[in-house]
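Peer 1: If you want the building blocks of each chain, they are given just below.
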Amino acid sequence: MLKKRIIPCLDIKDGRVVKGVQFLELKDAGNPVELASFYSKNGADELVFLDISATLEKRKTLAEMVTQLSKEINIPFTVGGGIQSVDDARLLLQSGADKVSINSAAVLNPELITQISDAFGSQSLVVAIDIKKVENDWFVFIKGGTESTGILAIDWAKKVEKLGAGELLITSMNNDGSKNGFALEITNEISKAVSIPVIASGGAGNSQHFIDLFTKTEVSAGLAASIFHFNEVPISELKNILKTQNIPIR
Amino acid sequence: MIAIVKYNAGNITSVKNAIERLGYSCIVTDDETILKLAEKVIFPGVGEASSAMNYLKEKGLDEVIKNLKQPVLGICLGQQLMCQFSEEGNTECLGIFEATVKKFEPKLKVPHMGWNNISKLNSELYNGISADENFYFVHSFYAEISEETTAVCDYIVPFSASMQKDNFYATQFHPEKSSSVGERLLLNFLKL
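Going down the list, the sequences are from chains A and B.
Heads up, the first sequence is in full-length UniProt numbering, so the first residue is 1 and it goes up one at a time.
Heads up, the second sequence is in full-length UniProt numbering, so the first residue is 1 and it goes up one at a time.
Chain B on its own, in the form it takes in the complex:
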């Protein structure tokens, strides 16, 4: 069973639909026991960092997520919340990754919205995905490049398009919205 962390950040429906299109069943839940027992956990998120972190703390989900042992995939805000600290609402995050999350200087359009290519792919999540593929991004904050970076996107500054540490994986882009290439990445994760 795949579990999707239920919290006050949308658009969870798209993630659930994408998993089901790939032939896996999934459950959207904030139940600690189910999350711990799930084969894989997806930590999605679109929204604002401080209110999302407050909600996770209220529900005790912050500790649950940090201590998961199975493969976990953070998406978009999910990746940012897995970092140390976010400039969005000056938020202490989960601290799984050491990177800091910063706000884009508006030298180009912000949010960074649309399809962008990524480079320096270095994760099994990119098996079968070539270096010139594009993924769909929507965000105004970004995780800095760090040791955990597994792909780089360049928009205003180079930033972490994806990250990985132990059993924790994360993407800034939305694989569930990135057409067939995004589905391939999700499938790679589901097959870990």
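Bound-form chain A, shown alone:
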């Protein structure tokens, strides 16, 4: 049986791991290669690296980090942040990333989804979608959650699937940093609307939140950052708890 995946997310700035609380305050939480290898030894199923400093001059540094990561870790990892073109994606994939993730760039230039997917296969492309509830509807936000696009989350999810995305990473801005649990309903709704795997992100604060995610929704994976970085919920412990709930876990 296919297992539900637990994915620590490492936000990278200037080569260090940081975690934004509601994306505004940043805390230093360690060296990316060390942390990655720690997580992979402790049962992480996959890793996601988001470079929040990604500017032109930083991109080469990011590729070097990816090269180091690929040498050290033996589980799949995704790299995102500042990817604007097929060439940007190629550099990271050739450096050893298994998948790249695009967010704002996909909204601003939807063709990029098809271009990357055609060049490297849909399995290499994760489209990250930041969503926020405004009154009764969930909308897509870009640029780190600062700018509304006016596009409904469900519509965008269906569109990116059609354009060639291999997977979706859905982050609820309302939940992110709250540690009050994932946005279960909308994430499940999105997952049901598409046939590609969906990763839920934003709001994980304890193991019950992962139990809820995997028993109340059909999503494929749960992503979290600070609870893992500060060892509030060790991954191996979390996975044992999930197993006792008969959730399929590696």
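In short, the hints are calculated from the structure, not lab data.
Note that the coordinates shown come from a computational prediction; the quantities given were computed from them, not determined experimentally.
Positions of the beta carbon are idealized from the N, C-alpha and C atoms, including for glycine.
There may be inaccurate statements among the hints.
Partner residues are not named here, just some residues of chain A that face chain B (Cβ under 8 Å, in silico) [what the hints assert, rightly or not]: (1) Leu91; (2) Leu93; (3) Lys243; (4) Ile247.
To be clear about the criterion: a stretch of chain A counts as covered by chain B if any three or more of its residues have a C-beta under 8 Å from a C-beta of chain B, and this derived list gives those stretches [unchecked claim]: (5) 72-81; (6) 101-114; (7) 188-198.
Given the coordinates of chain A, work out where chain B should sit on it, guided by the hints.
Peer 2: Chain B alone, transformed into the frame defined by chain A:
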């Protein structure tokens, strides 16, 4: 020397890194002579079947791979290309294995992405690997069960998680991405 077949399918870097982590040196090459002389050959692959086969044919690598005598390990698309025919782009493949490669009916999420357990393990590649271990898969097409099947994975339908015929070995999953259990499998292959 371990040779990794260089062609237009990624992610070859991960395979190379995994081999080197295990203490073996390897070369990524499309040179016929080096491939023929290598102790072991790894045929990796992530990508689309018809463009990969076209590329192999252009370079004459299709004949080279089919006629290799040393142990060869196909990974992911590599396994699919070692079969007879793939529904992906209606592609005539290398024909090393008799199985046909089909597209998953989207009854569950496709691609089949993530960790899954395999059963009916029947190959020396699984020495020291227990039946309940999980491997990392990412694919939308699968090789049917055939006489060459050496392990079965069940996702939407039971399919060939791995295959073997003479000196040709193949896995649908990515051993290079399957943590320590994947490294064990690679090591078993490298020690053949």
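Peer 1: State for each hint whether it applies.
Peer 2: Quick rundown of the hints versus the structure:
| no. | hint | verdict |
| --- | --- | --- |
| 1 | Leu91 | violated, 12 Å |
| 2 | Leu93 | holds, 6 Å |
| 3 | Lys243 | violated, 12 Å |
| 4 | Ile247 | violated, 13 Å |
| 5 | 72-81 | holds (count 3) |
| 6 | 101-114 | violated (count 0) |
| 7 | 188-198 | holds (count 3) |
The structure shown violates the earlier hints numbered 1, 3, 4 and 6.
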